[in-house]
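Student: Protein chains in written order, with the working numbering: chain H, 1 to 193; chain C, 1001 to 1287.
Worth flagging that the hints you see were computed from the coordinates, not collected in a lab.
The beta carbon of each residue, even a glycine, is placed where N, CA and C say it ideally should be.
Every clue listed holds true.
Ranges between beta-carbon positions, derived for each pair: (1) C:ASP1176 - H:LEU70: 51 to 57 Å; (2) C:GLU1003 - H:LEU14: 26 to 32 Å; (3) C:ARG1079 - H:TRP122: 33 to 39 Å; (4) C:GLU1092 - H:LEU115: 32 to 38 Å; (5) H:VAL50 - C:GLU1092: 42 to 48 Å; (6) H:LYS89 - C:GLU1144: 39 to 45 Å; (7) H:LYS89 - C:GLU1123: 47 to 53 Å; (8) H:LYS89 - C:GLU1092: 44 to 50 Å; (9) H:VAL148 - C:GLU1144: 51 to 57 Å; (10) C:ASP1082 - H:LYS18: 17 to 23 Å.
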Amino acid sequence: MDKEKNTRLPLVDLIEVKPMQDGYRWVAITAMLFAIGIILHTVSPNVGGVTPNWTIAMYSIVINLTNPTLSQAVGIGFIAGITLVPSSKSAFPLGNIASELSGAITCCILVKAMLRCGLGKWKLRPLVTGFLATMASGGVFTFILKIVLGLPLHVWLYAMLPVVAIVGALNGMITFLLFGPVRKLFFVQEDDE
Amino acid sequence: MMESVIRLENFYFAYNKSELVLQDIDLEIKKGSFTVVAGPSGAGKTTLCKAMTGIVPFYMGGRYSGDVQVLGESTKGRRVSDIAMRVGLMLEDYESQLVSLTAGEEVAFSLLNHGFAPEEVAERTRKALEDVGLPGRESYQLDELSGGQRQRLLLAATLAVHPEIIVLDEPVSAMDPDGAHSLYELLYAIHQRYGTTIIVVEHRVDYLLPYVTDMVVLKEGQLVTADTFAAAARTMYEDEELRPLVPALWQVKLGVERRFGITLGEWRTEAEAAAELQLLGFEGGNA
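Only chain C is shown next, with the shape it has when bound in the complex (with noise of 0.2 Å):
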């Protein structure tokens, strides 16, 4: 069985002014997994992302009961700052989490505020950049740089701290396609290079396809699977509201399945799909 790095058991929870949030949540985020957290939207996704970084509830405040522990230890008591040591959060509108001049402050800024060494912010500043295709940029201001450097130098800043876990909210959101492939291409060799644990709440599940090994799936604040990829899209295509967050190519794949009474592999990419259909006699259209 694998070891899972972050925990929520029977959790509620609800903002100061508002009805329940997230209810009875219950799920495990397994260690090394490339987890996507998809739902419509108003299911509590991005709540989920917070509680899973201990801001909600003891920073935000408001009302909970459950528990969440992330790297064997409850969020709380927790002070926001030390988590976000061992897990790195990226939030959707992340030009807000940029708060320096330079590229280079920018990743150090965690750093130094942590009392590392000003050598080893040096060292570690520069193989972030480098890590997220920005290397040599220390000295470059904000706005020398793209919209879609400035995200990777956030996630360079993430990265920086040596996270355990990174935790992204719709870090695609304002990207064009091409950028939103590139962002997880990029997040993708870093969970391979580094063995990192990555959880992206992401409703276009097509971008993440390639990569994603685990999925877990709100409505309306419940859970309704926390599993395997494969396993929670089965789930997803029979609930008629989740099936258009199926990606794509699944759709295809589950529907063939489901009227031809088959079972077919676990399509990945548009090319192991045209692959095994062609082998299976399908053509052109003339199922």
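So here's chain H without its partners, still in its complex pose (with noise of 0.2 Å):
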């Protein structure tokens, strides 16, 4: 057998082992994103009234990165929304555990059901789930704020959704962006999962 071949073909059969270091990286890569959320969402200025929601942004960079379980979701989600409560200038600070709750867990799942789907490599991925996530984390938010202020149901359909849906679509670009530059930091060696 020539050297060019036996290269390629080796007389052995090769045992596949999955990378046993995403145990806890997944850790990592969400304090890092996390810490640069907080950063961003601190200077971040506010145009018209509407700004990115950078921490949705990350968790859901994080999530699609690392496919964590549902239980790590919530984690991440909790986690979320605890940072941001301390600066949080709603009429209802603690409403943020429960909506990035709903966001992480939304973007859990859809990244579960694209993955099962075969829509893993799918490039628009992270727009969507970072897209719908922002949604489902701004709706609940909202939807508390309705009750704890006692808003009709049209102001929240007609002008806080919105503005949730402005502010979605900000998110699901970010997450598309700055999806890439991420996974290429922290993957460089790794098949696509």
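Grab the two chains, each in its own frame, and use the hints to assemble them into the complex.
Tutor: The following block contains the structure:
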């Protein structure tokens, strides 16, 4: 057998092993992106009453990258909510915990569903999941506000949800644009999964 | 026969997206040896280092066949952090391994993670910093240390866990020759003092000529030779592609031996070479 051929076809069966490092890496990636998200959340200007929710964008990237279990996603959402409470200027800051839990769980379920449907390598996956996670999170948060402030349903439907949709679109774009570079940074030598 | 500390048996490895990086590697690293891993770029030297520390294939993932045994146990099923307590690793990009704010915290990091008592951590930290020539620097911020000092700090962190083997992947690639000589002198002193098995990936074997006992040579992912330095250097010299990797002094020695049909001593320094050549009547380039 010539050398070239030998390089490609060893006379042995190779055993495939999954990387063991993913055991804790999702925690490190989550922490790092959350930290970046909090800084950006603090410095981002408010344009026309709309500002991207960097925290949702960051955990959407994390969930798209690491495909965590549902319980891990609950952990991610809970931490995301906690980090937003101190800086929240809303009428009910604790609503962030419920809303981010909803957002992270939604994103996790969507990612799992897409992977199962063979859409794992779909380029728009981060955009769609980032948008829908923001819609879920924003929808829950504004609905809590509606209840706390006793607002009528049409205010929530026609005034609050459109703003959530705009923020969702912004977040979807951010998730889409940052997913590639972050993936490159953390997953240099591995397969798409 | 000398006891081996690392043994690779028919080891093949490929990263997930690559062709085979290592092929049919069969070798043993002798206990207490100072082994150099040499070979051209892309020969698989770094991957071999990672295989010796369990990072490849079980931590990074990939495809493999064969077995790697470290200190008598297969790396299969063992955690990298457990292997790290017996096999220290210094990567080429050593800065990426520094994780703390101060020198003391850096050395103590892995000890604390493995549950050592605070008094023992403090004592081992003090001793390790002393061993690498940074005594009393526990409270220094990392940015107060020079590049060379940070590299020695990482060596101290490796030494603090009292490893039986230290693997270094091109540790002097970003250093000037003085810094390189200084680091290898220090490494040799540690090797002599504690009997630690040292494995160094280095393509400039000249730096290590005074210290090397054994050599592993790779080419295109395959093992060319794993033998004593003298035997491996001869094998390399016979190969046109590998010849430039033979230390310059040994290229002269093997060239003279070939040309004049004589056998010279195992030169480790220029002084030894000059003395022997003068004794044999070689003078000022007029052989």
